[in-house]
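**Student:** Order-wise, the sequence lines are chains H and C. Note that our numbering has the first sequence beginning at 1, numbered continuously upward. Note that our numbering has the second sequence beginning at 1, numbered continuously upward.
Hints listed in this document are in silico derivations from the structure and should not be mistaken for laboratory results. Note that beta-carbon positions come from the ideal geometry of N, C-alpha and C, so glycine has one too. Worth double-checking, as some hints may not be accurate.
[What the hints assert, rightly or not] Now the stretches of chain C that chain H is said to cover, found in silico as 3 or more residues with beta-carbon under 8 angstroms:
hint : stretch
1    : 31-41
2    : 44-57
3    : 102-113
Chain by chain, the residues:
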Amino acid sequence: DAGVTQSPTHLIKTRGQQVTLRCSPKSGHDTVSWYQQALGQGPQFIFQYYEEEERQRGNFPDRFSGHQFPNYSSELNVNALLLGDSALYLCASSQQETQYFGPGTRLLVL
Amino acid sequence: AQSVTQLGSHVSVSEGALVLLRCNYSSSVPPYLFWYVQYPNQGLQLLLKYTSAATLVKGINGFEAEFKKSETSFHLTKPSAHMSDAAEYFCAVTFAGGTSYGKLTFGQGTILTVHP
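If we strip away everything but chain H, and leave its shape as in the complex, we get (with noise of 0.2 angstroms):
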């Protein structure tokens, strides 16, 4: 059974560019979680997407915007980067309430 994975690995872009990640979540898992995860720090929620409704929101500015579509996989999109958006993204797939988490992306904003 895969886990969580998340495309692509590694991503290098420069400021004011458009950037999408990928997610496709355990199998049997119908609930996807983005995170942010600066050096050093811990994951911040970002929002998490069921049934193909953005369901909770952290406190990320519109920038930030996501998708799921009908098998359960999830797109990440961050529009007009920053330096700061630099970090590595999670993604979590759930179906009740203990989350799994993927390798992540790595993002590194120049």
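Assemble the complex: chain H is given as a structure, and chain C must be docked to it using the hints.
**Tutor:** Relative to the frame of chain H, chain C by itself:
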């Protein structure tokens, strides 16, 4: 608002010694509590969880944690440290319902170093 405090950003132990990583939470409703481990350049791996069943929970790799409501604590322990336990550990909290449902709030993390 929910919050998690991990006491000690760095903990150093000798191989074979007791590991104790501290976590306190604040909550006005019963929490669900988790410990995750993160190895360098990797995602988070679930160690164990408390979801209102037994207060002493056992996880993978010999770790366990005890939920103490009176102390609002969920400290992580392991009787004997192994070199492979060196990593960063995160405590996290969420709730069964309300406005914070589904949102994990993490502590700042504790880096565990194990000396030979």
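**Student:** If a hint holds in the structure, say so; if it doesn't, say that too.
**Tutor:** These are the hints, each one checked on the structure:
1. 31-41: holds (count 4)
2. 44-57: holds (count 5)
3. 102-113: Coverage by chain H holds for the stretch 102-113 of chain C (8 residues, Cβ < 8 angstroms).
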